[in-house]
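Enquirer: From just these sequences and the hints, can you work out the full model?
Chains as they are written, first to last, in the numbering used here: chain S, 1 to 580; chain E, 1 to 163.
I should point out that these hints are in silico values taken from the structure, not numbers from a laboratory.
Be a bit skeptical, because a hint or two may be false.
[Unchecked claim] FRET-style restraints, in silico, Cβ to Cβ: (1) Phe112(S) / Asp80(E): 37 to 45 Å; (2) Arg198(S) / Gly27(E): 35 to 43 Å; (3) Lys194(S) / Glu157(E): 55 to 63 Å.
[Claimed, not checked] Below, computed lysine-lysine pairings styled on DSS-like, alpha-carbon distance capped at 27 Å: (4) Lys190(S) / Lys66(E); (5) Lys12(E) / Lys135(S); (6) Lys132(S) / Lys12(E); (7) Lys296(S) / Lys62(E); (8) Lys190(S) / Lys62(E); (9) Lys326(S) / Lys62(E); (10) Lys118(E) / Lys309(S).
From a predicted model like this one, the values you see are computed outputs, not experimental measurements.
For each residue, glycine too, the CB sits at the ideal point set by N, CA and C.
The lines below spell out each chain.
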Amino acid sequence: MRMSGAEILIECLKREGVKHIFGYPGGVVLNIFDLLYDNEDLQVILTRHEQGAVHAADGYARSTGRPGVALVTSGPGATNTVTGVATAYMDSVPLIVLTGQVSTGLIGNDAFQEADIVGITRPCTKHNYLVKDVKDLARTLREAFYIATTGRPGPVLIDLPKDVTSDKTTFKWPEHVSLRSYNPTYEGNKWMIKQAARTIHKAKKAVIIAGGGVVLSNASKELRELAEYARLPVTMTLMGLGDIPGTHELSLGMLGMHGTYYANKAIQESDLLVAVGIRFDDRVTGRVKDFAPHAKIIHIDIDPTSIRKNVRVDIPIVGDAKRILKSLLSELKEEEDRAQWEPVRKAWLKQIGQWKKEHPLSYAYSDTVIKPQFVVEKLYELTKGNAIISTEVGQNQMWAAQFFKYDKPRTLLTSGGLGTMGYGFPAAMGAQLAHPGKTVIDIAGDGSIQMNIQELATCVLYKLPVKVAILNNQYLGMVRQWQELFFKERYSCSHLDTVPDFVKVAEGYGAVGLRAVKPSEVEPVIKAALKVKDRPVFMDFVVDWREKVFPMVPAGAAIDEMILGEEAEEKKTKKLRAVK
Amino acid sequence: MRHTISVLVENKFGVLSRVAGLFSGRGYNIESLSVDETIDPNISLMTIVTTGDDLIIEQITKQLNKLIDVIKVVDLTEVDHVEREMILVKIAPKQQDKAEALRLAEIFRGRVVDSSPKTYTFEITGDEKKIAAFVELIKPFGIKEFVRTGKIAIAREGVKKTR
Ligand SMILES: Cc1ncc(C[n+]2csc(CCOP(=O)(O)OP(=O)(O)O)c2C)c(N)n1
Ligand SMILES: [Mg+2]
Numbered sequence: 001m002r003m004s005g006a007e008i009l010i011e012c013l014k015r016e017g018v019k020h021i022f023g024y025p026g027g028v029v030l031n032i033f034d035l036l037y038d039n040e041d042l043q044v045i046l047t048r049h050e051q052g053a054v055h056a057a058d059g060y061a062r063s064t065g066r067p068g069v070a071l072v073t074s075g076p077g078a079t080n081t082v083t084g085v086a087t088a089y090m091d092s093v094p095l096i097v098l099t100g101q102v103s104t105g106l107i108g109n110d111a112f113q114e115a116d117i118v119g120i121t122r123p124c125t126k127h128n129y130l131v132k133d134v135k136d137l138a139r140t141l142r143e144a145f146y147i148a149t150t151g152r153p154g155p156v157l158i159d160l161p162k163d164v165t166s167d168k169t170t171f172k173w174p175e176h177v178s179l180r181s182y183n184p185t186y187e188g189n190k191w192m193i194k195q196a197a198r199t200i201h202k203a204k205k206a207v208i209i210a211g212g213g214v215v216l217s218n219a220s221k222e223l224r225e226l227a228e229y230a231r232l233p234v235t236m237t238l239m240g241l242g243d244i245p246g247t248h249e250l251s252l253g254m255l256g257m258h259g260t261y262y263a264n265k266a267i268q269e270s271d272l273l274v275a276v277g278i279r280f281d282d283r284v285t286g287r288v289k290d291f292a293p294h295a296k297i298i299h300i301d302i303d304p305t306s307i308r309k310n311v312r313v314d315i316p317i318v319g320d321a322k323r324i325l326k327s328l329l330s331e332l333k334e335e336e337d338r339a340q341w342e343p344v345r346k347a348w349l350k351q352i353g354q355w356k357k358e359h360p361l362s363y364a365y366s367d368t369v370i371k372p373q374f375v376v377e378k379l380y381e382l383t384k385g386n387a388i389i390s391t392e393v394g395q396n397q398m399w400a401a402q403f404f405k406y407d408k409p410r411t412l413l414t415s416g417g418l419g420t421m422g423y424g425f426p427a428a429m430g431a432q433l434a435h436p437g438k439t440v441i442d443i444a445g446d447g448s449i450q451m452n453i454q455e456l457a458t459c460v461l462y463k464l465p466v467k468v469a470i471l472n473n474q475y476l477g478m479v480r481q482w483q484e485l486f487f488k489e490r491y492s493c494s495h496l497d498t499v500p501d502f503v504k505v506a507e508g509y510g511a512v513g514l515r516a517v518k519p520s521e522v523e524p525v526i527k528a529a530l531k532v533k534d535r536p537v538f539m540d541f542v543v544d545w546r547e548k549v550f551p552m553v554p555a556g557a558a559i560d561e562m563i564l565g566e567e568a569e570e571k572k573t574k575k576l577r578a579v580k
Numbered sequence: 001m002r003h004t005i006s007v008l009v010e011n012k013f014g015v016l017s018r019v020a021g022l023f024s025g026r027g028y029n030i031e032s033l034s035v036d037e038t039i040d041p042n043i044s045l046m047t048i049v050t051t052g053d054d055l056i057i058e059q060i061t062k063q064l065n066k067l068i069d070v071i072k073v074v075d076l077t078e079v080d081h082v083e084r085e086m087i088l089v090k091i092a093p094k095q096q097d098k099a100e101a102l103r104l105a106e107i108f109r110g111r112v113v114d115s116s117p118k119t120y121t122f123e124i125t126g127d128e129k130k131i132a133a134f135v136e137l138i139k140p141f142g143i144k145e146f147v148r149t150g151k152i153a154i155a156r157e158g159v160k161k162t163r
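Expert: Have a look at this one:
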């Protein structure tokens with residue numbers, strides 16, 4: 001059957017199982033939008049900014065594990081996607097980003113709304129394509145989905161010239177995709193796995209570090225089984241929160257720059273690290289030279305470039321975390337003699353328990369001014385942890401990581417690698433669309449929320465009841481924190497001066513706006529917000545602007561050189577609240 | 001250390017830019033690069049000369065492998081291999097030096113590919129050392145123009161290849 005490029009595109013999306021597209025129209029993609037006008041299988045969500053569309057597709061993908069799809073026009077539409085694409089690339093999120101392009105005959109002529117988006121996004125996509133001939137379209141789309149979702153996932157961008165969408169050809173669905181130049185490794189090397197089991201067996205102070213790779217490989221069950229069998233404590237990177245439940249006795253919470261005292265301490269004292277699906281980002285390692293000085297490192301990752309990029313590795317295992325963890329556990333069961341190692345592990349866990357007691361995550365509670373951590377705690381308590389949380393970037397992100405306990409993977413959506421302010425709200429919107437009945441909350445800063453605040457309209461239009469908890473401190477708080485601690489309190493450009501009335505902004509868009517200024521108002525506001533099912537809600541929490549994120553490892557320091565909040569705060573108030 | 005890496009890639013537009021972008025984006029340097037189609041017109045071969053310590057070279061080969069259009073990466077430095085490079089050099093010797101210049105080219109098994117009343121153009125092929133030696137010796141004759149191809153290399157048969 002002869003079909004136009006636009007028709008082929010829609011047919012392929014359908015066959016790939018796509019139900020939702022986040023998009024924004026423009027001249028060169030009208031052939032495609034025209035077909036979407038009365039298409040019953042594909043729903044287009046019209047966002048208010050292309051960046052919002054890509055982050056929404058990203059939130060959709062992270063929360064479901066299925067690829068998210070965005071469709072935008074050429075030129076400015078395409079360049080507006082770049083931050084979203086780079087965000088997804090850094091965090092290995094499978095996305096298909098379809099950009100319009102001027103007709104093939106005009107490419108290179110600086111035509112109206114022409115941008116070399118393939119050139120621009122080459123370093124921030126897993127792969128990208130310019131389709132020059134409609135005959136290549138079906139195969140290209142098939143390849144794009146295959147590449148985006150296999151191996152280490154990532155965004156794939158496809159640039160579609162206008163004439164390619166109108167040209168006709170005989171449609172043929174490629175049943176199989178295989179690329180001679182792309183064959184991800186899934187099975188881990190058996191010998192290496194054996195070595196790893198032996199090494200774990202011998203270790204006295206082993207720690208597992210679990211990252212986003214565990215989420216991507218759906219390996220949290222295998223991880224937990226391994227940890228429980230071998231009695232190994234688990235710390236998680238920001239991307240890995242939820243790999244094992246935050247409430248689990250073996251969980252040490254997050255490590256790194258704003259990690260827990262006991263996680264960082266355990267890493268530095270350990271004699272073995274079992275790193276699964278992490279890439280040893282500098283926010284995790286601190287000063288690399290002094291990272292885990294006594295530890296051997298077993299590193300499991302599907303991307304060979306992650307291994308030995310930042311830290312030395314003794315036992316590298318390339319492959320899929322799920323399969324490797326499974327084999328590792330069965331190897332361990334052959335290797336291990338419980339009677340021999342149990343007392344050793346017990347002693348190590350006891351030591352860690354001691355550190356937990358000495359310096360739990362804590363903050364100084366107040367009953368006159370709202371502490372931002374208190375808001376996060378309350379969100380956890382009132383949702384019973386049963387929610388999808390997204391975050392913006394800054395202090396809000398770190399408090400969301402520290403004080404909400406993620407019990408399942410895919411329940412924390414946050415821009416880890418790129419640290420994109422403005423990510424959380426549209427991402428929450430995408431997640432809400434994928435999970436209609438679920439509570440989805442963006443834990444936001446007053447600065448970040450203004451970077452994609454326009455998506456309120458989208459949420460109102462599609463009746464997406466996303467809750468936004470704005471920790472309103474009138475500051476670019478994280479910047480202010482650095483300036484207070486490291487720049488002699490010279491607050492250059494970190495005070496926001498004018499912050500809009502978020503309640504009125506919400507109402508102006510047709511959303512619900514709520515505000516809490518006293519600690520006693522926090523709970524009623526959250527409760528009221530959770531009841532709203534047909535509209536987005538802004539909760540404006542006017543919080544203590546002085547509050548800082550602790551522990552903190554200064555940039556360039558070793559991860560046990562932590563500044564602990566308690567020391568500073570204890571002097572001012574005795575009311576320390578430990579968090580379970 | 002200096003490494004010669006040979007990279008088999010899909011012969012698609014944009015591939016060169018992906019490879020070059022990888023080097024520039026990650027701060028690796030390219031000392032020389034030569035690219036052309038192989039016997040199979042769908043595949044091109046790039047020969048890249050780069051420098052770095054072991055960890056950097058390991059990252060370079062891994063990152064190259066990670067590019068979707070890259071089919072195979074071989075670090076030839078790890079195996080016994082033959083390297084060649086070609087130069088074309090145009091000199092304008094004084095009348096009394098002409099014979100000497102020709103003799104020099106002959107010693108290096110060069111060929112005269114062009115001559116005019118005032119100039120000779122030599123073609124010299126060889127490995128890095130040979131080329132460097134020739135250039136050193138021909139300099140005093142007055143080099144007018146100089147071009148080189150960049151290195152190409154091939155593994156000797158019967159030696160094990162690394163990934
Ligand atoms: C797009 C973008 N621009 C700048 C930054 C640098 N930055 C990191 S945190 C931060 C402040 C965020 O302020 P706010 O959203 O109010 O969060 P808070 O730290 O106050 O909780 C800034 C400017 C960034 N991460 N992203
Ligand atoms: Mg703020």
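Enquirer: A separate judgement is required for each hint: does it hold in the structure or not?
Expert: Against the structure, the hints come out as follows:
1. Judged by the Cβ atoms, the range 37 to 45 Å given for Phe112(S) and Asp80(E) is violated: they are separated by roughly 57 Å.
2. Remark: the range hint 35 to 43 Å for Arg198(S) to Gly27(E) is upheld by a beta-carbon distance near 38 Å.
3. The supplied range of 55 to 63 Å is broken by Lys194(S) and Glu157(E), whose beta-carbon atoms lie about 35 Å from each other.
4. Of the pairs offered as hints, the one joining Lys190(S) and Lys66(E) holds, with about 23 Å between alpha carbons and a cut-off of 27 Å not exceeded.
5. With a C-alpha separation of about 16 Å, the suggested pair Lys12(E) and Lys135(S) falls inside the 27 Å cut-off, and the hint holds.
6. Note on Lys132(S) and Lys12(E): the hinted pairing holds, with a Cα-Cα distance of about 12 Å set against a maximum of 27 Å.
7. Only pairs whose Cα atoms come within 27 Å are accepted, and Lys296(S) paired with Lys62(E) is accepted, the gap being roughly 23 Å.
8. Distance check on the hinted pair: Lys190(S) and Lys62(E) sit about 21 Å apart at the alpha-carbon level, within 27 Å; holds.
9. Our distance criterion of 27 Å between C-alpha atoms is met by Lys326(S) and Lys62(E), whose separation comes to about 26 Å.
10. Proposed proximity of Lys118(E) and Lys309(S) is contradicted: the alpha carbons are some 55 Å apart, above 27 Å.
In summary, the structure is inconsistent with hints 1, 3, 10 from the numbered list given earlier, while agreeing with the others.
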